[in-house]
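Once you've looked at the hints, dock chain B with the ligand against the given chain A.
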Amino acid sequence: MPADKHLLDPFEQPEAEAAFGPDGASEATAEAAAAEAPSGGTGGASAAKSGTSRTRRSGTLRASETLRWLWTQLTSMRTALVLLFALALAAIPGSLLPQRPTSPVRVREFITANPQLGGFYNAIGMFDVYASPWFAAIYLLLFVSLVGCIIPRVGVYLRGLRAQPPRTPRNLGRLPAHLAFSGASTPEVLDRAEHLLRTRRFRVRRLPDSVSAERGYVRELGNLVFHVSLVFLLCGIAWGALFGYKGSVAVVEGQSFSNTLTQFDDFTSGGAFRAGQLVPFTVTLDSFEAKFETGPVQRGAARVFRANTTTTVDGVSSQQTLEVNHPLVVGDSTVHLVGHGYAVDVTVTDAGGDVAFEGPVILLPQDGNFLSVGVVKAPYARPERLAFEALFLPTAVDTENGGASVFPDALNPLLLLNAWSGPPKQATGAPENVYSLDTTGLTQFTVDGKPLRFTLAPGEGFDLPGGGSIAFHDWKRWVSLQVSSTPGLWLVFGSVLVAVAGLCLSLFVRPRRVWVKVSGDRVEVAGLDRTEGRGGLDDELVLIADGLGLAPAPTAGAGSNPPATASAGPATDADHAAQRAAEDEGKC
Amino acid sequence: MAAYWSNLAMVTSVVVYLFALAAFAAEWAAARRLEPVDAPAGVLVGSDGTTLGGGLPVVETAGDSTAGAASSEARDAKARLRVDLFGRMGLGLTVIAWGVHLAGVVTRGIAAERFPWGNMYEFVTAALLFVVTIYLVLAFRGVRWLGLPVTLLVVIGQGLAVTVLYVAVAPLVPALHSVWFIIHIVAAAVAGAAFNVGGLLSILYLMKTRAVRRGKVRGYLAKLPSPQRIDELAYKFHAFAFPLWTFAIAAGAVWAEYAWGRFWGWDPKETWSLVTWVVYAGYLHARATAGWRGKRAAVVAIVGLVCFWFNFVGINLLVSGLHSYAGI
Ligand code: HEM
Numbered sequence: 002m003p004a005d006k007h008l009l010d011p012f013e014q015p016e017a018e019a020a021f022g023p024d025g026a027s028e029a030t031a032e033a034a035a036a037e038a039p040s041g042g043t044g045g046a047s048a049a050k051s052g053t054s055r056t057r058r059s060g061t062l063r064a065s066e067t068l069r070w071l072w073t074q075l076t077s078m079r080t081a082l083v084l085l086f087a088l089a090l091a092a093i094p095g096s097l098l099p100q101r102p103t104s105p106v107r108v109r110e111f112i113t114a115n116p117q118l119g120g121f122y123n124a125i126g127m128f129d130v131y132a133s134p135w136f137a138a139i140y141l142l143l144f145v146s147l148v149g150c151i152i153p154r155v156g157v158y159l160r161g162l163r164a165q166p167p168r169t170p171r172n173l174g175r176l177p178a179h180l181a182f183s184g185a186s187t188p189e190v191l192d193r194a195e196h197l198l199r200t201r202r203f204r205v206r207r208l209p210d211s212v213s214a215e216r217g218y219v220r221e222l223g224n225l226v227f228h229v230s231l232v233f234l235l236c237g238i239a240w241g242a243l244f245g246y247k248g249s250v251a252v253v254e255g256q257s258f259s260n261t262l263t264q265f266d267d268f269t270s271g272g273a274f275r276a277g278q279l280v281p282f283t284v285t286l287d288s289f290e291a292k293f294e295t296g297p298v299q300r301g302a303a304r305v306f307r308a309n310t311t312t313t314v315d316g317v318s319s320q321q322t323l324e325v326n327h328p329l330v331v332g333d334s335t336v337h338l339v340g341h342g343y344a345v346d347v348t349v350t351d352a353g354g355d356v357a358f359e360g361p362v363i364l365l366p367q368d369g370n371f372l373s374v375g376v377v378k379a380p381y382a383r384p385e386r387l388a389f390e391a392l393f394l395p396t397a398v399d400t401e402n403g404g405a406s407v408f409p410d411a412l413n414p415l416l417l418l419n420a421w422s423g424p425p426k427q428a429t430g431a432p433e434n435v436y437s438l439d440t441t442g443l444t445q446f447t448v449d450g451k452p453l454r455f456t457l458a459p460g461e462g463f464d465l466p467g468g469g470s471i472a473f474h475d476w477k478r479w480v481s482l483q484v485s486s487t488p489g490l491w492l493v494f495g496s497v498l499v500a501v502a503g504l505c506l507s508l509f510v511r512p513r514r515v516w517v518k519v520s521g522d523r524v525e526v527a528g529l530d531r532t533e534g535r536g537g538l539d540d541e542l543v544l545i546a547d548g549l550g551l552a553p554a555p556t557a558g559a560g561s562n563p564p565a566t567a568s569a570g571p572a573t574d575a576d577h578a579a580q581r582a583a584e585d586e587g588k589c
Numbered sequence: 007m008a009a010y011w012s013n014l015a016m017v018t019s020v021v022v023y024l025f026a027l028a029a030f031a032a033e034w035a036a037a038r039r040l041e042p043v044d045a046p047a048g049v050l051v052g053s054d055g056t057t058l059g060g061g062l063p064v065v066e067t068a069g070d071s072t073a074g075a076a077s078s079e080a081r082d083a084k085a086r087l088r089v090d091l092f093g094r095m096g097l098g099l100t101v102i103a104w105g106v107h108l109a110g111v112v113t114r115g116i117a118a119e120r121f122p123w124g125n126m127y128e129f130v131t132a133a134l135l136f137v138v139t140i141y142l143v144l145a146f147r148g149v150r151w152l153g154l155p156v157t158l159l160v161v162i163g164q165g166l167a168v169t170v171l172y173v174a175v176a177p178l179v180p181a182l183h184s185v186w187f188i189i190h191i192v193a194a195a196v197a198g199a200a201f202n203v204g205g206l207l208s209i210l211y212l213m214k215t216r217a218v219r220r221g222k223v224r225g226y227l228a229k230l231p232s233p234q235r236i237d238e239l240a241y242k243f244h245a246f247a248f249p250l251w252t253f254a255i256a257a258g259a260v261w262a263e264y265a266w267g268r269f270w271g272w273d274p275k276e277t278w279s280l281v282t283w284v285v286y287a288g289y290l291h292a293r294a295t296a297g298w299r300g301k302r303a304a305v306v307a308i309v310g311l312v313c314f315w316f317n318f319v320g321i322n323l324l325v326s327g328l329h330s331y332a333g334i
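Order-wise, the sequence lines are chains A and B. The opening position of the first sequence corresponds to residue 2 in the numbering used here, with each subsequent residue numbered one higher. The opening position of the second sequence corresponds to residue 7 in the numbering used here, with each subsequent residue numbered one higher.
For reference, chain B alone in the conformation it holds in the complex:
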C-alpha cells in the first residue's frame, strides 16, 4: 500500500516539477523582452573574469535597478510585474512538488521498513529531495533565481529515476545491514546535493561572466546578481559540501573495514570518490592561487561535479565492483 502511494507521489512530483520548470522558463522568456542591462561602469571585469579592484563594493547588475527612459518606464514596470508573477508561480509549484516528493520518499521508507536509500532509484530520489530542500531554503532568502536550473536538474533526475532506475521495494542485502549504511549514505547524499547546487552556481557564474564581458546581459542572466556574488555563493556550497564529502568517504572506509576487512581497496567506486574529492580539493586550492581563481576555479568545480556524476551513474552501470550490488 505504502509502496503504491510512494510510486504515485514520485511520478506526481515529476509532473509538478515540470510545471514549475515551465513557470521559471516563462519568467525567463518574459524577462527577455525587458531592456537589456549593460555592464555598469562600476564593475570592471578582468580577463580571468574576476572583478577588478578586490575591495571595491560590488555594483549590482540586478535587472530591477536599471532605470529605463521615462516613457518606457510604465511599460517596463508592468512587464516586470508579469515576470515576477511567473517567478512566484514557479516557486509555489516547486513547494508543492517538494511536498509530494517528500511524501514519496517517506512512504518509500515506510514500505521498505528501512531508510529509503538502498539502491540507485532510492538514492537519486532522496538526494534530489535534499537539492530541492536547499533551494527552497535559499529561495525564501532571496535566491529565487536559482529555480530554473534547479528544477531543470530535478525534472531530469526524477524523470530518469521513475522511468529508468525504478525498482520495486525490497529488503537490503546483508552487506548493507549496518549503521554506517545510514551515516555514509546520508552524508554522501547531502554533500552531493550541495555539490550539485554549487555546480549549477558555477555554471551560472561562467555564463554571467561571459555575458558581462560581452556587454550583453539580458533576460534571465540580468536577473542574477553580479558574477562575484554568484561565485561567492558557489564557493559557500562547495565549502559546505567538501568536509561532508570527506566525512562520507571516511565513513565508507570505516564501513568497508567492518564489512570487508579493509578500509580501502581501490574498488572503482572508492577510486572515483577519491578522484572527486581530489578535484574539489583542487578547486579550493585554485581559489587561493593567483591566476586560478574565478573562471578556472569554476571550471574545476564543474569537472568535480562531472566526476561525482560519473561515479554515480557511470560506475554503477558500466563497471563491476564490490559496490555494484546496489546496482540499479
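So that you can see chain A by itself, here it is in the shape it has in the complex:
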C-alpha cells in the first residue's frame, strides 16, 4: 500500500512527521488519517472507510448504522468506479442487438429467426436496453452515489475556502522538493517571501519563523462544478423526456401539413406532454429537389436535398427552404427533414366509368436506388372494389425479371403493377395499413392462369380485363418531416459546457503548497504538489529562491532521505524537458 500523497495528506495535521513517517502505516490507519483530513480530493473513499471502521468497532449493527454503512458504501469512490464500469458494460448490448425504438422490424426478424434466444432477450429487455429497468437502475444509482458524494465535498470545500494555509511542517527536508541555503538568512527574508508568494497568487499565512502558502483551490471547485453539472445534465434530459414530443409525417409535393395530433403518422411524447403544447402552424411542400452523384466515384450518393416550403404561422406565410442540417424553427418546435421517397399520381376508374380513386400514393423506398413499393386501393370501386400492388423503379432496368432500379434519381421511371378485385367490404373503422395489401377476400387478375402484371410509364394507362382502368399520370417526391420539441435543451447543452469548463479546471490546475522557513542562519524553501505529476515544482522553487535573493547553488537539505534536488545531474534533464512538454500539451 503506497503511502500516497492523496490519501495521506500530512498537512491537515499538526504532526507532519507522523504522516510522512516510514511506510509501516497500515491501510486502515492511513485511510482513517485521510478521513480526518477534510480537504483531500478523495473525500468519498476515505469517508467510506472511516464509516466502516466505526461500525466495526461498535460491534452490533443497529438499523440506522446499517443504513449509514450502506450509504457510505454507496457514496464511496470504489462504488462509483464499479458503477461506471457497469454503465459502460450495460450500454454495449443495445449497440449490437437491434433495438425496438429504432428498428422494430429487425427486432421482429431476430425473434423469428431465433425464437428461443429472442424470447429470452425480449424477456430481459435486451431489445430496449436504454429504457430497461436494469439500465435505469445503474445510472440512477450512479447519480445517487454522485449526489451523496458531492454534497459533503461541497461543504468541505466551502469550509476550506476560509481556512488558512496549513502550519509549516517541522521537517521540510522530507518534502518532495526542497532547497536549503546556509548562511542566507536576512531579517526581511520572510517579508519578501510573503510578498513574492502573494504576487505569485498564493494564499499566504505568516507564521513566527516561516511562511506557509497554498494555491490551486479552484481545482476542487472545478471538480465539484463538473460533477454538479452532470446532475443538471440528467435533469435537463429528464425534462426534455417528460415534456417533449416527436412526431413524423410524410408530405407529398403540393400537399400541406398542419401541426395537430391527428395529422401525424407517428407520434410519441413524454408523460407530462399536453396536446395544447403543439404550436399551430402549417407547412406546404412546394417542391423537393434531390440531386445524386453522377460521376464515377460514389455514384448515386446523395448530394443535395432541399425542400422548398411555404410556412404559415399565425396567418403569416413565408417561403423557407428546409435542408438536412437546416431545420425550420417554429416557436419551440423544430421541423426536420428526415427522409424522402417517391409517390405516384394515379387515377383508378371502375367498371361503371366512375373515378374510384384519385391522388398521389406514397411508396416506401426499399434500397439505396429507391426501388419503392406500395399499394393503390380503390375500396369504392363498383361493382367490385379494386386494389393494386405497386413497384416503382426510378431508373428501371430488367423489368421482365421482377425489375430493379440502378440509380436513385428518376431517369427512367416505370411503375409495375398487379391488380386485385373483390366484393365490397363493410367499413369497420379498423385501421388498415396503407403500405401493404390484405388480400383476404380479394382475387388476383390473371391472364392465361398467370398473375396479371403490367408496366406503366408516366402518362400511360391500363384497362383491366373485366372493365375498369388505372392511369399513371406522373411521379412526385414526398418528404418525411419530423416535428419535435425538446424543452430543457438549453439546460442539457449549458450543463455540458459548464461541465467541460469545470473539467479543464479540475484537470489542469495544480494545487501546490510552498513553505519558506528560517531556522538560525539557514533558509529553506520547500514545496509539495497535491496532485499527480509534480512537473515544474522544482523550477518554481528555484524561481522563488532567486526572487528572495538566495544563492543560486543551494546546499542539500539535511534530511534522512535523499535530497530532493532531483533536477541535479544531466541524466534527468531530458526527462524534465519531456515532462514540461507534456505539461504544455495539457493546458486547456
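The set of hints was computed from the structure by calculation and includes no laboratory data. From a predicted model like this one, the values you see are computed outputs, not experimental measurements. Just so you know, even glycine gets a beta-carbon here, dropped at the ideal spot from N, CA and C.
Which residues of chain B face chain A? A few of them, derived with a C-beta cut under 7 Å, are:
no., residue
1, 180
2, 184
3, 252
4, 267
5, 284
6, 285
7, 288
Only pairs whose alpha carbons sit at most 25 Å apart, straight line, appear in this in silico SDA-like list of lysine to any residue:
no., chain 1, residue 1, chain 2, residue 2
8, B, 301, A, 509
9, B, 275, A, 249
10, B, 222, B, 86
11, B, 275, A, 238
12, B, 275, A, 97
Below, chain B with the ligand alone, put in the same frame as chain A:
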C-alpha cells in the same frame, strides 16, 4: 491532379514511416547488447506497481546513468553512440515522413475542396497525422523513446488506410454539410490521437513495471524513464484528451440535434463514444482510488483505447447505424 499527389504522398509516407520504424527497431536491437540495468535500490516497487514512498524523488533508471566496469566502459560508450545514431536516424526519418504525410492530407483537402475528414480513410490519415505531430513535439523535448511504438502504430494505421480503406475523392453527403462537421471531427481526431499516445504510454508503463519487478530491465525498456514518469506522462495525455473527447461528444450531440432533431438517439456510434467516455472517466477515478492507481488504472486506460478503436473500426464496418453513411 491534387488527388494524384495526395495518393502518392500518402503511400510514400507509409514507406518512410516504415524506414523510421526500422531505425527505431535497430536502436532497440543495438541497445539490447548493452549492460542490463537492474532496478536500482532506491526504487521500491509495490505489488501494484507503484513506487513506494510517495514523495521520494525518483531515481532514474535511464540506461545512460549506469556506470559499467571500468574495462567495458569504452566499449559501452561506443555502443551507446551507435544506439544514439540509430535513434536520431529514426527521428529524422519520422520528420520526413511527417512532412510527406502532411502534404498528403493537405492535398487531399485541396482535391476535395473541403476539410479532408469526410470518410474513414480521411479520418485515419488525419488522426494519425495528429499522433505523429504530438510525438514530434515530445521528441524534441526529450521523449524520443516513444518513437518505436508510435511509428509502429502509424505504419499499421497508414498502411491499412492506403490499402484497405482508400476511397477516391468525392464531395460530402448532405448530412455532413455543417460547421459541426469540422468542430466535432477535429475534436474527435485530436482527442483520439492523444488517447492513442496515452494508451501506448500505458502499455509501456505496464511493460516497464513488469521488467523492473523481475529485475530485468534491458534493451529498449532500459532506455525508458522510470515507471512513475511514464505513468505521469500517460496521465497527462489522458487528462488532455478527456475534456476534448467530452467536447467532441457534446459537439456531436449539437450536430445531431440540427441534423436529426434529437441530440442523443443511442445510435451504435453514439453509444460507443459514451462507453469510451465512461471508461476513461473510470480511468481518472481509478487514479484517485486506493488500490486502483498504477497497474489497474493503466489497464483501464488500455480498455478505453480498445473501446475507442472498436467504435471506429468495429462499428463502422460491422454495425449499421445512422453514422454508417461515412462507411469506409
Ligand atoms: C456520473 C458519474 C461520474 C462521472 C462521469 C465522473 C467523472 C469524473 C471525472 C472525469 C473525474 C476526473 C476529473 C477530476 O479529477 O476532476 C472525476 C474525478 C472525481 N470524481 Fe467523479 N464522476 C462520476 C461520479 C462520481 C462519484 C459517484 C463520486 C463519488 C464517489 C465521484 C468522485 C470523484 C472524485 C473524488 C474525483 C476527484 C479525483 C481526484 O482528486 O483526482 N465521482 N470524476
